[in-house]
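Sequences listed follow chains S and C, in order. Residue numbering for the first sequence follows my numbering, beginning at 174 and increasing consecutively. Residue numbering for the second sequence follows my numbering, beginning at 38 and increasing consecutively.
Take the hints with a grain of salt, since some may be wrong.
Label pairs and their computed distance ranges (CB to CB) [to be verified]: (1) C:65 with S:269: 23 to 29 Å; (2) S:246 with C:83: 19 to 25 Å; (3) S:213 with C:91: 31 to 37 Å.
Cut-off 30 Å, straight-line C-alpha distance, at most; resulting in silico cross-link-like pairs (DSS-like, lysine-lysine) [to be verified]: (4) S:230 with C:110; (5) C:148 with S:230; (6) C:148 with C:107; (7) S:190 with S:238; (8) C:110 with C:148; (9) C:140 with S:242; (10) C:140 with S:238; (11) C:92 with C:140; (12) S:191 with C:140; (13) S:230 with S:242; (14) C:107 with S:230; (15) S:230 with C:145; (16) C:140 with S:244; (17) C:140 with S:230; (18) C:140 with C:115; (19) S:238 with C:145; (20) C:107 with C:92; (21) C:115 with C:145; (22) C:140 with C:107.
Think of the hints as simulated: they come from the structure by calculation, not from any bench. Here a beta-carbon is modelled for each residue, glycine too, at the ideal position from N, C-alpha and C.
What follows is each chain in one-letter form.
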Amino acid sequence: EAQVTQNPRYLITVTGKKLTVTCSQNMNHEYMSWYRQDPGLGLRQIYYSMNVEVTDKGDVPEGYKVSRKEKRNFPLILESPSPNQTSLYFCASSLWTSTDTQYFGPGTRLTVL
Amino acid sequence: AQTVTQSQPEMSVQEAETVTLSCTYDTSESDYYLFWYKQPPSRQMILVIRQEAYKQQNATENRFSVNFQKAAKSFSLKISDSQLGDAAMYFCAYRGPEGGSEKLVFGKGTKLTVNP
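Working from the sequences, and respecting the hints, build out all of it.
Right, here's the structure in full:
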């Protein structure tokens with residue numbers, strides 16, 4: 174089944190404890206992206222990657238890192254999480270670029286205490 | 038920076054009726070892409086419809102259609118014959134021209150309730 178998977182689906186952590194949210198797609202997509210969703214703010218793009226060689230910032234990259242060592246994986250890293258990073262996170266992928274249909278993962282609910 | 042505005046935080050419609058969700062955007066580009074995504078209570082985001090700015094014809098997907106007014110920078114979504122399964126958050130999104138930034142900019146969303 175073609176899909177985007179994220180792990181974990183739910184995570185409660187404490188301020189400053191490094192964490193990684195994994196994202197994997199099995200559709201051989203080039204473009205991958207991370208978003209955060211907050212009530213009243215909609216979706217905001219954190220980072221995106223055109224391919225394993227190109228990664229760029231979205232609108233809210235502060236406090237996040239990403240890595241694209243393999244085409245299928247695009248982990249989101251929070252080196253020192255803070256409470257303002259409590260949010261619902263979505264990973265998405267598309268065939269070539271952001272003009273193509275975005276296929277979203279199921280979301281990761283992160284709470285930083 | 039491009040912005041996308043959805044002025045209706047919440048909307049409601051009776052089953053089988055028609056509802057229109059509004060979206061406006063700000064851009065200086067002449068070519069770009071616009072999208073409507075649906076997020077049902079399951080949280081799974083799904084593409085509803087896609088419009089390329091250089092195409093004059095409004096995009097249509099079954100009961101979903103758009104009214105694309107380029108000069109007014111307006112991109113509204115019309116849902117005809119509303120069904121209970123249409124209840125969801127709807128997000129409008131903008132993407133600039135080919136060869137430009139790969140960013141996707143989303144609006145804040147409109148929560149649609151469908152009443153039986």
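Hints and how they fare:
1. C:65 with S:269: 23 to 29 Å: Given a distance of about 25 Å, which is inside 23 to 29 Å, the answer is holds.
2. S:246 with C:83: 19 to 25 Å: 23 Å, holds
3. S:213 with C:91: 31 to 37 Å: The hint (31 to 37 Å, Cβ to Cβ) holds, given that residue 213 of chain S and residue 91 of chain C are roughly 33 Å apart.
4. S:230 with C:110: Satisfied, since the Cα-Cα distance of roughly 26 Å is no more than 30 Å.
5. C:148 with S:230: Distance of about 28 Å is within 30 Å: holds.
6. C:148 with C:107: 25 Å, holds
7. S:190 with S:238: 14 Å, holds
8. C:110 with C:148: 22 Å, holds
9. C:140 with S:242: OK: residue 140 of chain C and residue 242 of chain S at ~21 Å, within 30 Å.
10. C:140 with S:238: 17 Å, holds
11. C:92 with C:140: 21 Å, holds
12. S:191 with C:140: 27 Å, holds
13. S:230 with S:242: This hinted pair holds, its Cα atoms lying about 17 Å apart.
14. C:107 with S:230: Measuring from Cα to Cα gives roughly 28 Å; hence the hint holds.
15. S:230 with C:145: Since the Cα atoms of residue 230 of chain S and residue 145 of chain C sit roughly 20 Å apart, the hinted pair holds (cutoff 30 Å).
16. C:140 with S:244: The hint holds at about 19 Å.
17. C:140 with S:230: Cα-Cα ~8 Å, so holds.
18. C:140 with C:115: 26 Å, holds
19. S:238 with C:145: Cα-Cα ~24 Å, so holds.
20. C:107 with C:92: With Cα atoms ~10 Å apart, residue 107 of chain C and residue 92 of chain C stay inside 30 Å; holds.
21. C:115 with C:145: Roughly 18 Å between the alpha carbons, so the hint for residue 115 of chain C and residue 145 of chain C holds.
22. C:140 with C:107: Holds, at roughly 20 Å.
When each numbered hint is compared with the structure, no violation occurs for any of them.
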